[in-house]
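Novice: Listed here are the chains, written in short residue letters.
4 protein chains.
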Amino acid sequence: MVGGGRDAFIGAVHRIAARIDDQYDLVAGCFSSNPEKALASAADLGVARAYTSFAEMASKEARRKDGIDAVAIVTPNHMHAPVALQFLKRGIHVICDKPLTATLAEAKKLAKAAEASGVVFALTHNYTGYPMIRQAKAMIAGGELGDLRLVNVEYVQDWLTEAVEASGQKQADWRTDPARSGAGGSTGDIGTHAFNLANFVTGLTLDSLAADLTAFVPGRRVDDNGHVMLRYQGGAKGMLWCSQVAPGNENALRLRVYGTKGGLEWAQEDPNYLWFTPFGQPKRLITRGGAGSGPEAARVTRVPPGHPEGYLEGFANIYLEAARAIRAAKSGTTVPEGTTFPGLKDGLEGVAFVDACVRSSNRNAAWVSLNL
Amino acid sequence: MVGGGRDAFIGAVHRIAARIDDQYDLVAGCFSSNPEKALASAADLGVARAYTSFAEMASKEARRKDGIDAVAIVTPNHMHAPVALQFLKRGIHVICDKPLTATLAEAKKLAKAAEASGVVFALTHNYTGYPMIRQAKAMIAGGELGDLRLVNVEYVQDWLTEAVEASGQKQADWRTDPARSGAGGSTGDIGTHAFNLANFVTGLTLDSLAADLTAFVPGRRVDDNGHVMLRYQGGAKGMLWCSQVAPGNENALRLRVYGTKGGLEWAQEDPNYLWFTPFGQPKRLITRGGAGSGPEAARVTRVPPGHPEGYLEGFANIYLEAARAIRAAKSGTTVPEGTTFPGLKDGLEGVAFVDACVRSSNRNAAWVSLNL
Amino acid sequence: MVGGGRDAFIGAVHRIAARIDDQYDLVAGCFSSNPEKALASAADLGVARAYTSFAEMASKEARRKDGIDAVAIVTPNHMHAPVALQFLKRGIHVICDKPLTATLAEAKKLAKAAEASGVVFALTHNYTGYPMIRQAKAMIAGGELGDLRLVNVEYVQDWLTEAVEASGQKQADWRTDPARSGAGGSTGDIGTHAFNLANFVTGLTLDSLAADLTAFVPGRRVDDNGHVMLRYQGGAKGMLWCSQVAPGNENALRLRVYGTKGGLEWAQEDPNYLWFTPFGQPKRLITRGGAGSGPEAARVTRVPPGHPEGYLEGFANIYLEAARAIRAAKSGTTVPEGTTFPGLKDGLEGVAFVDACVRSSNRNAAWVSLNL
Amino acid sequence: MVGGGRDAFIGAVHRIAARIDDQYDLVAGCFSSNPEKALASAADLGVARAYTSFAEMASKEARRKDGIDAVAIVTPNHMHAPVALQFLKRGIHVICDKPLTATLAEAKKLAKAAEASGVVFALTHNYTGYPMIRQAKAMIAGGELGDLRLVNVEYVQDWLTEAVEASGQKQADWRTDPARSGAGGSTGDIGTHAFNLANFVTGLTLDSLAADLTAFVPGRRVDDNGHVMLRYQGGAKGMLWCSQVAPGNENALRLRVYGTKGGLEWAQEDPNYLWFTPFGQPKRLITRGGAGSGPEAARVTRVPPGHPEGYLEGFANIYLEAARAIRAAKSGTTVPEGTTFPGLKDGLEGVAFVDACVRSSNRNAAWVSLNL
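Chains as they are written, first to last, in the numbering used here: chain A, 2 to 373; chain B, 2 to 373; chain C, 2 to 373; chain D, 2 to 373.
So here's chain A without its partners, still in its complex pose (with noise of 0.2 Å):
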């Protein structure tokens, strides 16, 4: 792992995430770019390989005999890419966080070297993990929904309300750092994910977008706030909100997709339910292992339906089809059939997502399309 130490969020979460289907050891890591709090962090973690270095890390292990078969990045966005370069030109398998890197250019570069070294790639866009999620996209692949017309997407939490990057909190203050986060805020830290998820469930392209960003915050260098309009290739539309000061709302991620034949409607923060409203019968609620749940949702489920999984579950699982992945890769047989799990194409989309919105809302939110 790289990144993760004392005081990081994510970090922890990813060790969880790797440990509940007992597919990863965390043997080394990198865990701060200050040298002492990355040798007290693996002393905390009881992680014996402990460096601070992350090119000497990649170096080191990728020399060592019993060395890392995948290293987790969960540093600041702007980190990502070179951490990233350093392991997997060495042929070492990367894990890393969202979004892809801080800038678009940033992506394509390491998109591409990502792509010739014939590593594997997962990015944890962790909500596609969620098995409802899994259901929604098969019944849109399946044709359950007909044509889709509509894709309705939020990301909405409140957490940003007031000016806390001021007073030091370490999250507020560099995902509010351009030079950390990239240029967008709330565009980069969640309107990504909220993008990702629509593509991911509905299998749709966009085609042009319009955005209008803003910072409500005085004194706030990046968006906390965007109105986007979507147009997707082949005729469907939607719209995407992204905030992080509206108050009452902690996670509020929210995909509602319809189509000729009917609609889906799923929420983060109750993420084991599907509502599927087939035009002209009533609603239904399909539950995590339910009846009507099908073996999309079972591959990524643990408990039977009632017992909820949630938020640390649905990252588990980018890990546990990464880990399919990766085992397949070292013992060169092919990947099983369904692992599926967000890599670069989603990782350089959502950067361009970014970057397309602040383009398209400098100039006043005019359609541009994504600069892929």
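Treat the hints loosely; a few may be bogus.
Simulated crosslink set (SDA-like; lysine to any residue; CA at most 20 Å straight-line) [unchecked claim]: (1) B:Lys138 x B:Lys262; (2) D:Lys262 x C:Ala164; (3) C:Lys171 x B:Lys262; (4) B:Lys262 x A:Pro283; (5) A:Lys138 x C:Glu163; (6) D:Lys171 x C:Gly281; (7) D:Lys262 x C:Gly220; (8) A:Lys262 x B:Ser168; (9) C:Lys262 x D:Trp160; (10) C:Lys331 x C:Arg91; (11) B:Lys262 x A:Ala167; (12) B:Lys38 x B:Gly143; (13) A:Lys262 x A:Ala299; (14) A:Lys262 x B:Pro219; (15) A:Lys262 x C:Lys171; (16) B:Lys262 x A:Pro219; (17) B:Lys66 x B:Arg50; (18) B:Lys262 x A:Lys262; (19) D:Lys262 x B:Arg285; (20) A:Lys171 x D:Lys171; (21) A:Lys262 x B:Gly220; (22) B:Lys262 x A:Glu163; (23) D:Lys262 x C:Glu163; (24) B:Lys262 x A:Val165; (25) C:Lys262 x D:Lys262; (26) B:Lys262 x D:Ala292; (27) B:Lys138 x D:Gln172; (28) C:Lys262 x D:Ala292; (29) C:Lys262 x A:Pro283; (30) D:Lys262 x C:Gly281; (31) C:Lys262 x D:Pro283.
If you're looking for bench data, these hints aren't it; they were derived computationally from the structure. From a predicted model like this one, the values you see are computed outputs, not experimental measurements.
Using the hints provided, position chains B, C and D relative to the given structure of chain A.
Specialist: Positioned in the frame of chain A, the structure of chains B, C and D alone reads:
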């Protein structure tokens, strides 16, 4: 009453709404443009003074000693203005269904004439009659949300998912005919309700909007879906979504408003509940008449908390408040404090909203202002 | 109308319910046992034929050519029988608030007299008027749940959490006085509603019950909470909970029924929804007037799905159905097919239910049968 | 681990729960009473120290220097006691699935032996591990509900609606066999969870209960539904409903508690929410980790509010708290303040609860006390 004969929908709603609080008697009517249906409908309803021409009704009723005090206009949109003009010029108060008219030019003309006439003019933007909407308006006016930043309003239906107008369904027929409905489809039929509700609750004034309208159903001549980004004077921003092609949605009118200090969320299909989300505190569920529900809600409520009121009671509240104004006008007294109902200004803004949406959409979602 | 003057609650509800469908005119009344209040209330309501004695009202109205067809009785419970007897013996139809009487002896006497008189006798167990309750009843009668096994019904309030009767609150005052309310407190006031609703929907007949009643508030003379286990003829079993001391509950009447093939769940505070849970299939949410909602619901509904109907409309449905029976009685025709409203049998069972609860509780929750 | 081999359900849950917080390594196991299955399961799990006899495992592990610190027992109920006794007499700590044993006599014997041994004994009444349950317990202990009056707890399922045991379904097979499951069916399997949860949260002690148990499915040898009335010491009363034949219910464990000052409501299927209803104030929705959620919840939570935790995290909390106690026992230090997990007392009460339900039901729902 003009309109509202056999096969009509909204006329019966108006009649119940007028009866609930015992403030009106239905004594005269021209219930259809079809003379036979007009008379048959009058007979159905036990209304003795049955007319086959609304102009004749206006002139005869104006001359009777016991002539009507007020007329309810429940015709298709394009007939609102011609009918209203006949009555208001004779000093008969008007309760008119929304939108005010089918075109902006008509709306301006009617508004001017109505204002000059001095009659009470109530427009049945009925959703403003819900007690918890009154509560929300009062809380925002009282500063409980701080400075407003965000408005998210949507009115989503599914009944036009297929081309029902092709099968002669009466409601769909005129609502998808620009000559009778106006240039807007979903924008005119339900988008205006959403727009009006947001204005009513927040007290904000629109600066400009950018709209992307679509007719998804092949052959449909008006929009059946509208995506709209909003910019309000003072810096608040919003999104408005209206749709008639989202399967599983019946009358999903939903409003969310967020400010620097808190938020409010309300849904028309569950109208007795209002979520209040003060920043940094647990969410609170205010119920109609329950703890935290104030006098502005109480003035338009009839039964205790936990006994749900619905659409008809909300609609009746417009009639009740209009009755207060009409009585005051008749007796030359002042209107009771707190009397609130939508009128010409709302009607004009509503038609201007549709006009602006159509203009913006025709210019690829360029930002436009209301042409008031 | 007898009762329902100033300060009363349920009288106003009856009046609105009677108006909604335009089947009744309020032309005479004895609105209070206090003569001054009776006359003042009549003046408030614009009712010309104002009486200060219900016996006088009955005899005079019976002699008038334009005398009332039906009387609504909305007095405290102990006066239902004396008033009803005066009217029904003169052939005036009766619409009476529940419970039928304050004591079982009275109830039996009244039921006998009413039956002998041949008048229409409607008891406003108003919750049976909700469209989705009609839908539930029809589905069970149609076998969609298979053989019934389980009934879980509860009516939970919080308004008597503290000793409000001590402060002179009128509603609490008579409801906690056994002389006026009957031996049951929460059992009589709301437990009867719950019991009746379960019977109405399921069609089951009680075999026996075991009740544990409590007066939690010090000094209270009647129960404010009842726990009841139910055994129905044919083997189904149930639980009934009524409480007036459960903070956070307004009028939480909730019914759940399960059979060999599926279940149904309904809540009065959200009455437009009915959950249908066929075993082994996804749960379905049936909405009033929406897909899956049948003719039994449609006959008592007024507005389209998604426009909520509430308590007053449900109440009005009792008046509407009673009007159909009264018209038939007056004209000597048969009552229209499907006409359904609670009457003497329900009233008798309700009072017998309270009586049985009290008897059982006094014997330490021994099993007892209704003493019918 | 003893039990939990191929085809088992709860064993896998225990293993994940043990891994989540990285406090345990699975190094030895006797995974089945069938030797072949035991060894095959060990191979599946990569566990080197594979045993075919739990007694052998206990004795051999006790002798190893690197022998296990604790054993997880996940066998059918009737084997809990024999297995536990083998380990605890050798000083190996025990984490045992619930109920403690299949019979009360066994439970008493085991409890005595365990207490004498001084080992840590954790019983996985896992629902007590949910953060919002900890929150509820703390609020009640802190007096926020005032004096408790009412408890309503239910655990409702549908998976035994039909006679699945007849088809050889392994989970149904042993759970409906009194020899392996104990005299209670639904009461033992899920009623104990409900009873334990109510005790845990409220801190109340049962005085007596009256139970009406039923086996609805023809041929079933244990109850599949239980209706229970509860009387607690100090005057609070309650109802408990457990059922496995209510279609549409998956694991609907729901707890409601009311006192003189307010109420709390929680549902296991949506475990991140806790309703708090202070009397006379709007209802508040407390979310795990959100505003109003205190330190007792925080000590057993891993991710921020709005990122749902579920069943596995709740289960893991039992393992986490037990690990704290086991570490303290090993090092001879005091257990960290606030460490809370169910143990022998809970286990004994649970088995006594089932025993009392069966005794009461056999005496036509007479009131009985726990035979402790």
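Novice: Next, verify each hint and record whether it holds.
Specialist: Consistency of the hints with the structure:
no., hint, in the structure
1, B:Lys138 x B:Lys262, "holds (15 Å)"
2, D:Lys262 x C:Ala164, "holds (13 Å)"
3, C:Lys171 x B:Lys262, "violated (40 Å)"
4, B:Lys262 x A:Pro283, "violated (39 Å)"
5, A:Lys138 x C:Glu163, "violated (53 Å)"
6, D:Lys171 x C:Gly281, "holds (19 Å)"
7, D:Lys262 x C:Gly220, "holds (18 Å)"
8, A:Lys262 x B:Ser168, "holds (18 Å)"
9, C:Lys262 x D:Trp160, "holds (12 Å)"
10, C:Lys331 x C:Arg91, "holds (14 Å)"
11, B:Lys262 x A:Ala167, "holds (18 Å)"
12, B:Lys38 x B:Gly143, "violated (50 Å)"
13, A:Lys262 x A:Ala299, "violated (25 Å)"
14, A:Lys262 x B:Pro219, "holds (15 Å)"
15, A:Lys262 x C:Lys171, "violated (55 Å)"
16, B:Lys262 x A:Pro219, "holds (15 Å)"
17, B:Lys66 x B:Arg50, "holds (14 Å)"
18, B:Lys262 x A:Lys262, "violated (41 Å)"
19, D:Lys262 x B:Arg285, "holds (17 Å)"
20, A:Lys171 x D:Lys171, "violated (51 Å)"
21, A:Lys262 x B:Gly220, "holds (18 Å)"
22, B:Lys262 x A:Glu163, "holds (9 Å)"
23, D:Lys262 x C:Glu163, "holds (9 Å)"
24, B:Lys262 x A:Val165, "holds (14 Å)"
25, C:Lys262 x D:Lys262, "violated (41 Å)"
26, B:Lys262 x D:Ala292, "holds (14 Å)"
27, B:Lys138 x D:Gln172, "violated (55 Å)"
28, C:Lys262 x D:Ala292, "violated (43 Å)"
29, C:Lys262 x A:Pro283, "holds (18 Å)"
30, D:Lys262 x C:Gly281, "violated (42 Å)"
31, C:Lys262 x D:Pro283, "violated (39 Å)"
Violated hints, listed in ascending order, are 3, 4, 5, 12, 13, 15, 18, 20, 25, 27, 28, 30, 31; each of the other numbered hints is respected by the structure.
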